[in-house]
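So the chains spell out like this:
Protein chains: 2
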Amino acid sequence: MDYYFLGVKRMRLYSSNASGYSRKVRIVAIELGLDARLERIDQSPRDNTTGFFAVSPLARIPVLLTDEGYALYDSPVICEYLNTLAGGSLIPATGVARWNALRRQALGDGILDNGLPLRGELMRRPAMLSAEVVARHREAIERALTLADAEADAYPTSTPDIGTIAIGCAVGWLDFRMPDFGWRANRPQLAAWLAELGQRPSFAATRPE
Amino acid sequence: MDYYFLGVKRMRLYSSNASGYSRKVRIVAIELGLDARLERIDQSPRDNTTGFFAVSPLARIPVLLTDEGYALYDSPVICEYLNTLAGGSLIPATGVARWNALRRQALGDGILDNGLPLRGELMRRPAMLSAEVVARHREAIERALTLADAEADAYPTSTPDIGTIAIGCAVGWLDFRMPDFGWRANRPQLAAWLAELGQRPSFAATRPE
Chain A
1 MDYYFLGVKR
11 MRLYSSNASG
21 YSRKVRIVAI
31 ELGLDARLER
41 IDQSPRDNTT
51 GFFAVSPLAR
61 IPVLLTDEGY
71 ALYDSPVICE
81 YLNTLAGGSL
91 IPATGVARWN
101 ALRRQALGDG
111 ILDNGLPLRG
121 ELMRRPAMLS
131 AEVVARHREA
141 IERALTLADA
151 EADAYPTSTP
161 DIGTIAIGCA
171 VGWLDFRMPD
181 FGWRANRPQL
191 AAWLAELGQR
201 PSFAATRPE
Chain B
1 MDYYFLGVKR
11 MRLYSSNASG
21 YSRKVRIVAI
31 ELGLDARLER
41 IDQSPRDNTT
51 GFFAVSPLAR
61 IPVLLTDEGY
71 ALYDSPVICE
81 YLNTLAGGSL
91 IPATGVARWN
101 ALRRQALGDG
111 ILDNGLPLRG
121 ELMRRPAMLS
131 AEVVARHREA
141 IERALTLADA
151 EADAYPTSTP
161 DIGTIAIGCA
171 VGWLDFRMPD
181 FGWRANRPQL
191 AAWLAELGQR
201 PSFAATRPE
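Protein chains in written order, with my numbering: chain A, 1 to 209; chain B, 1 to 209.
The reader is advised that the hints may include incorrect statements.
[What the hints assert, rightly or not] To give an idea of the chain A side of the interface with chain B (calculated C-beta under 10 Å), a few residues:
1) Pro57
2) Arg60
3) Ala71
4) Asp74
5) Val77
6) Tyr81
7) Thr84
8) Val96
9) Ala106
10) Ile111
11) Asp113
12) Ala127
13) Asp153
[What the hints assert, rightly or not] In silico SDA-like cross-links for lysine to any residue, where the CA-CA straight-line distance does not exceed 20 Å:
14) A:Lys9 / A:Thr84
15) A:Lys9 / A:Arg37
16) B:Lys9 / A:Val96
17) A:Lys9 / B:Trp183
Simulated from the structure, these hints should not be mistaken for lab results. Think of the CB as a built atom: it goes at the ideal place given N, C-alpha and C, for glycine as much as any other residue.
Sequences are here, hints too, so could you generate the full structure?
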């Protein structure tokens, strides 16, 4: 299962521009200088017409087919694999820096974990919509954003890590999928931080449309 | 934020016996010989009466308050922290063994990620229940279980790792919360493997009731 392009062996990444988890992996690959190694397959997670579920039984994206030909998921595992492959430092190797970066990744991914079912709930017919489910997901996102805002002074934009990349992708997804969420109103630090982070080539090249 | 018990410094684990993710962390701690280091707080993820959301803004369990006094989540991050603290080998350090173990953890956790909203959906009033949502989650779980069954010959019970522990906790949760799921019918290898794994003291001591 080797893929070559212009003589370079490539891994296959099943992803979508609309997926915040996919964007995180793409940004990680760009920051690590691995983007040219990825053959990107635009994949809707629920579309099995090309046999995607054989690669991703949980019907999720992103999935990476590695150099060795096996499928990797979920996105934190793919990001660590790429960071190791490149000898990168997007995930600190040891100590408090590592746990803090991984904890922030879980915070960012957790915003998406709540945002996706929130959006799904809001798309239901009114008679089938649960206000309790909407409130639960929305409140989780609000609290996570408030923590991110409080921490944002400590988030560098010049040297992103897996934690800040995940948070950047989560709020970028909110802007894309739920533009009326209004998260900036009481979170000026996080808003200013995201505006600067969005200038990075890796973020600019992966903005969802 | 140090906790002592019989002179031993303790970390605080917010968890619940009913949570498959929490059980994974508890089993990891037992297998690593760290269980006595954990002060366990029985915590419902939606209960903020004691201020839990300040520790866990996403309202999730498990959360670990570490020796250094900071909060760690989600469960894969906690498991890696404990494995590092103990110098353990539940998460292989490098190579294909590492990626395969982490990928299996994502497969097991992904069963829970689908099982929880599936159960939530099935508890709705019939008029508010979406057959499409039920089918989507159920099919994802069925495919993940079928992959686990196909792989089960390669799952050791004598030396569990983070991947097989996660899968054991996921199917254990199904047995606990969705006893009529009927996953054993066409998956004899996975069923036999789980029966043997369940004999381990770490699994027996954490069985949900």
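Consistency of the hints with the structure:
1. Pro57: With a minimum Cβ separation of about 4 Å from chain B (threshold 10 Å), the hint on A:Pro57 holds.
2. Arg60: holds, 7 Å
3. Ala71: With a minimum Cβ separation of about 7 Å from chain B (threshold 10 Å), the hint on A:Ala71 holds.
4. Asp74: Hint holds; A:Asp74 Cβ to chain B Cβ min 4 Å, cut 10 Å.
5. Val77: holds, 5 Å
6. Tyr81: Cβ of A:Tyr81 sits 6 Å from chain B, so the hint holds.
7. Thr84: holds, 8 Å
8. Val96: holds, 7 Å
9. Ala106: holds, 4 Å
10. Ile111: holds, 8 Å
11. Asp113: holds, 8 Å
12. Ala127: holds, 7 Å
13. Asp153: Violated, because the Cβ-Cβ distance from A:Asp153 to chain B comes to roughly 17 Å (cut-off 10 Å).
14. A:Lys9 / A:Thr84: holds, 17 Å
15. A:Lys9 / A:Arg37: holds, 7 Å
16. B:Lys9 / A:Val96: holds, 18 Å
17. A:Lys9 / B:Trp183: At roughly 40 Å apart (the allowed maximum being 20 Å), B:Trp183 and A:Lys9 break the hint.
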